[in-house]
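Line by line, the protein sequences give chains S and C.
Using our numbering, read the first sequence as starting at 1 and increasing by one per residue.
Using our numbering, read the second sequence as starting at 1 and increasing by one per residue.
Incorrect hints may have been included.
[Unchecked claim] List of simulated lysine-lysine pairs, DSS-like, C-alpha gap at most 27 Å:
#1 S:Lys42 with S:Lys70
#2 S:Lys133 with S:Lys70
#3 S:Lys399 with C:Lys248
#4 C:Lys85 with S:Lys399
#5 C:Lys32 with S:Lys192
#6 C:Lys248 with C:Lys192
#7 C:Lys225 with S:Lys402
#8 S:Lys58 with S:Lys97
#9 S:Lys70 with S:Lys58
[What the hints assert, rightly or not] Derived list of chain S stretches under chain C, where covered just means 3 residues or more per stretch with a C-beta under 8 Å from a C-beta of chain C:
#10 162-175
#11 198-205
#12 232-244
#13 267-277
#14 360-370
#15 384-392
Hint data in this document are derived by calculation from the structure and do not stem from the laboratory.
Here a beta-carbon is modelled for each residue, glycine too, at the ideal position from N, C-alpha and C.
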Amino acid sequence: MPRRDPKQRASDFGEVATGLELTAALAEAQRCLQCKRPACVKGCPVGIDIPGFIQALKEKRFEEAVRILKERNSLPGICGRVCPQESQCEAACIVGKRDEPVSIGALERFVADWERSNAAFRLRREPSPDAPKVAVIGSGPAGLTAAGDLARYGYRVTIFESLHAPGGVLRYGIPEFRLPREILDREIDYVKSLGVEIETDVLVGKTITLEELLDEEGYQAVFIGTGAGLPWFLRIPGENLAGVYSANEFLTRVNLMRAHRFPEYRTPVHIGARTCVIGGGNVAMDAARSALRLGSEATILYRRTRTELPARAEEVENALEEGVKLEELTIPLEMLGDDDGRVRAIVCQRAELGEPDASGRRRPVPLDGSDFEVPCDTAIVAVSASPNPLLPRSEPRLKTRKDGRLVIDPDSGETTITGVFAGGDIANDEGTVIAAMGDGKRAARAIHEYLQQKNRASS
Amino acid sequence: MAPGITRTEIRAPRIARRARPGQFVIVRVDEKGERVPLTIAERDPEHGTIAIVYQAVGYSTEQLAKLAIGEVMADVLGPLGQPTKIERYGRVVCVAGGLGIAFMYPEIVGFADAGNEIISILGARNESLLFYVDEIRARSTEVHICTDDGSAGRKGFVTDILRELLERGDHFDYCIATGPLPMMKAAVDATKEYDLPTLVSLDPIMVDGTGMCGACRVTVGGEVKFACVDGPDFDGHLVDFDELAKRKRAFAREEEVCRLELAADALEQERTGEPADEQN
Numbered sequence: 001m002p003r004r005d006p007k008q009r010a011s012d013f014g015e016v017a018t019g020l021e022l023t024a025a026l027a028e029a030q031r032c033l034q035c036k037r038p039a040c041v042k043g044c045p046v047g048i049d050i051p052g053f054i055q056a057l058k059e060k061r062f063e064e065a066v067r068i069l070k071e072r073n074s075l076p077g078i079c080g081r082v083c084p085q086e087s088q089c090e091a092a093c094i095v096g097k098r099d100e101p102v103s104i105g106a107l108e109r110f111v112a113d114w115e116r117s118n119a120a121f122r123l124r125r126e127p128s129p130d131a132p133k134v135a136v137i138g139s140g141p142a143g144l145t146a147a148g149d150l151a152r153y154g155y156r157v158t159i160f161e162s163l164h165a166p167g168g169v170l171r172y173g174i175p176e177f178r179l180p181r182e183i184l185d186r187e188i189d190y191v192k193s194l195g196v197e198i199e200t201d202v203l204v205g206k207t208i209t210l211e212e213l214l215d216e217e218g219y220q221a222v223f224i225g226t227g228a229g230l231p232w233f234l235r236i237p238g239e240n241l242a243g244v245y246s247a248n249e250f251l252t253r254v255n256l257m258r259a260h261r262f263p264e265y266r267t268p269v270h271i272g273a274r275t276c277v278i279g280g281g282n283v284a285m286d287a288a289r290s291a292l293r294l295g296s297e298a299t300i301l302y303r304r305t306r307t308e309l310p311a312r313a314e315e316v317e318n319a320l321e322e323g324v325k326l327e328e329l330t331i332p333l334e335m336l337g338d339d340d341g342r343v344r345a346i347v348c349q350r351a352e353l354g355e356p357d358a359s360g361r362r363r364p365v366p367l368d369g370s371d372f373e374v375p376c377d378t379a380i381v382a383v384s385a386s387p388n389p390l391l392p393r394s395e396p397r398l399k400t401r402k403d404g405r406l407v408i409d410p411d412s413g414e415t416t417i418t419g420v421f422a423g424g425d426i427a428n429d430e431g432t433v434i435a436a437m438g439d440g441k442r443a444a445r446a447i448h449e450y451l452q453q454k455n456r457a458s459s
Numbered sequence: 001m002a003p004g005i006t007r008t009e010i011r012a013p014r015i016a017r018r019a020r021p022g023q024f025v026i027v028r029v030d031e032k033g034e035r036v037p038l039t040i041a042e043r044d045p046e047h048g049t050i051a052i053v054y055q056a057v058g059y060s061t062e063q064l065a066k067l068a069i070g071e072v073m074a075d076v077l078g079p080l081g082q083p084t085k086i087e088r089y090g091r092v093v094c095v096a097g098g099l100g101i102a103f104m105y106p107e108i109v110g111f112a113d114a115g116n117e118i119i120s121i122l123g124a125r126n127e128s129l130l131f132y133v134d135e136i137r138a139r140s141t142e143v144h145i146c147t148d149d150g151s152a153g154r155k156g157f158v159t160d161i162l163r164e165l166l167e168r169g170d171h172f173d174y175c176i177a178t179g180p181l182p183m184m185k186a187a188v189d190a191t192k193e194y195d196l197p198t199l200v201s202l203d204p205i206m207v208d209g210t211g212m213c214g215a216c217r218v219t220v221g222g223e224v225k226f227a228c229v230d231g232p233d234f235d236g237h238l239v240d241f242d243e244l245a246k247r248k249r250a251f252a253r254e255e256e257v258c259r260l261e262l263a264a265d266a267l268e269q270e271r272t273g274e275p276a277d278e279q280n
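Please model the complete structure; the sequences and the hints are all you need to start from.
See below:
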């Protein structure tokens, strides 16, 4: 995938990867073997007919390629950009056994982008006024997918979103240099065109309860896709100093509130000259790269080494190329502040790699007496998040596991309340956009079956 | 409502229906605006409205105050936070300074309705900045008023009065203290000496208001809490006020940028007779 020059792109929020040109896309499509029993499809959580859309693309039947993609995936422009294809469809690609696998993600993106610049205006589909109503809570990848599929099944679907703009983590979490707002807006518009209503500024559990949705507002089924909205902190001294952000806060200020355009947009972000990001996942990379674009130096402090980073290899490479520094084998112990209570440095300890732990990665073992200080003006804590407990706490019938995730039936996604289903990070821990979409898809199917059965029984 | 203090009524039927004392909303004036947390001072479920009371001190609140009747603001989200636990304690002393009165008014209504005897201590910089006084008087057995300049009631601070009442041996079963941080801290320092349980309502910096960002984290009894979902009410005797005060100043420089811009706008308007922001 062609990318913009690292120096240039590190100073703005424009998209990093530029996408394939037509000739390159057609040439790449030629590499697909059109397997009779395609392994790639099994590697795709939403089961896209990958050889099918690539074949259509190869024959320049672009609209057909779009149709095939959208049959299984309402958000192809997003998935073509943020899916970890290297561990899914492309990991299963037969061509990849001897050579580079077919760049399925790049082709998906190409087709989605072709549609954006070429497709005609679509009429909005209206659900039948007497179709059963289904509520979807949360407009992230799980909710958007469930809603789109439910609308296709013919239901009247309303998504309730607590923030002022839809998209969930796609809006507040993923920076626009990886996923331009225009693509996100367009794919949300597509879901709306299927007949889905989106109500923003509604926090289910506070503005309205789950019970009221079911008993008073006449929703016959509910899908919960409220995500992993609770940021973790390190629980080390000094973490509440000013200038210390959770990755969620930092990214929300920039991505949702447009703080990089302060004061035109009224939400500020205070960054300074040196930023330390603690963590090694995709969110840590996003935070570090955003800090860089705000004019700060950015250093990632990570307990293990580059080999063990949980972030996608591509994103690590992008980050390092742009000038993000990686401080390996570094364990933060304490944050130090100045007289005004602003963070000024992080006291860290060196580690060495020991035996593998439960995750299979070698465990960092702290080295006594190796303390050192890393000076910084901003510290961003990006060490995972857990499910947002707000909705489960508001409804005692929703049972949760010890880790805060909802107890669900693994096949249908049904929660401990009949007719209420869940998916994405509130219920599972894969933590990727596409896994959440797979959950949404599965739950939509299960809701369809549940409602068919229910309405058959009552008629 | 008072010079510089605005009361805005918002049509929000779902919020009006569910709001309880202690809860707040997040509002955004326009598409480029901040998300501003504000206490729900009044609610009217029958008419589907809530009211917020605020002082136009920064850009966002200035914009909010400029809205004309019938105009629409971009967003209202709520009710957020935990409702205040209202019980029948007995004699409740309610200490409110400045805008803290907006939070205190529904608390007083709630605690009075629950059968408590209310003793109110209200204070502001001057007489014109006092509000809800009659409404609060109607539900209190005693009302003490003070101002910084002595233009209403006595000259001094609400916490001076609180201390006097405690020192002369008035018995209270519960205390609620809301207002600027130094005032709440002074109130809590006083009630600690008398082992008087004291509830405070905190207003740290917030972004989403739903527990997602942690901007509003406060240390309470050595534990980190998110004021937006765990609060905004906390046991005042356990709150780390110094840390909170420092966190609230995190964006002081950026707030100054906005203030300067407002001042520049005002100058421009004075010069040309037209609002500066409508020229571009």
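Now the hints, each set against the structure:
A hinted pair counts as satisfied when its Cα atoms are at most 27 Å apart, and S:Lys42 with S:Lys70 qualifies at roughly 17 Å. Taken as a hint, the S:Lys133 and S:Lys70 pair is honoured in the structure, with Cα atoms around 23 Å apart against an allowance of 27 Å. Taken as a hint, the S:Lys399 and C:Lys248 pair is broken in the structure, with Cα atoms around 37 Å apart against an allowance of 27 Å. This hinted pair checks out: C:Lys85 and S:Lys399 have alpha carbons roughly 25 Å apart, not beyond 27 Å.
In summary, the hint linking C:Lys32 to S:Lys192 is supported, as the alpha carbons are separated by about 24 Å, within the 27 Å threshold. Between C:Lys248 and C:Lys192 the CA atoms are separated by roughly 24 Å; this keeps the pair inside 27 Å, and the hint holds. Distance hint between C:Lys225 and S:Lys402 is fulfilled; the C-alpha atoms sit about 19 Å from each other, no more than 27 Å. Taking the CA atoms of S:Lys58 and S:Lys97, the gap is about 22 Å. The hint holds against a cut of 27 Å.
For the suggested pair S:Lys70 and S:Lys58, the alpha carbons sit about 17 Å apart, so the restraint of at most 27 Å is met. Coverage of the segment 162-175 of chain S by chain C holds. Counting CB-CB distances below 8 Å, 4 residues qualify, and the rule asks for three or more. With 4 residues carrying a beta carbon less than 8 Å from a beta carbon of chain C, the segment 198-205 of chain S meets the three-residue requirement, and the given coverage holds. Here the segment 232-244 of chain S counts 7 residues with a CB under 8 Å from a CB of chain C, which clears the bar of 3, and the coverage holds.
Under the rule that three or more residues need a Cβ within less than 8 Å of chain C, the assignment of the segment 267-277 of chain S holds, with 3 such residues. For the segment 360-370 of chain S, the assignment as covered by chain C is violated, since 0 residues bring a beta-carbon within under 8 Å of that chain's beta-carbons and 3 are needed. Under a criterion of three residues with beta carbons nearer than 8 Å to beta carbons of chain C, the stated coverage of the segment 384-392 of chain S is upheld, 3 such residues being counted.
Against the hints set out earlier in the document, violations occur for numbers 3 and 14.
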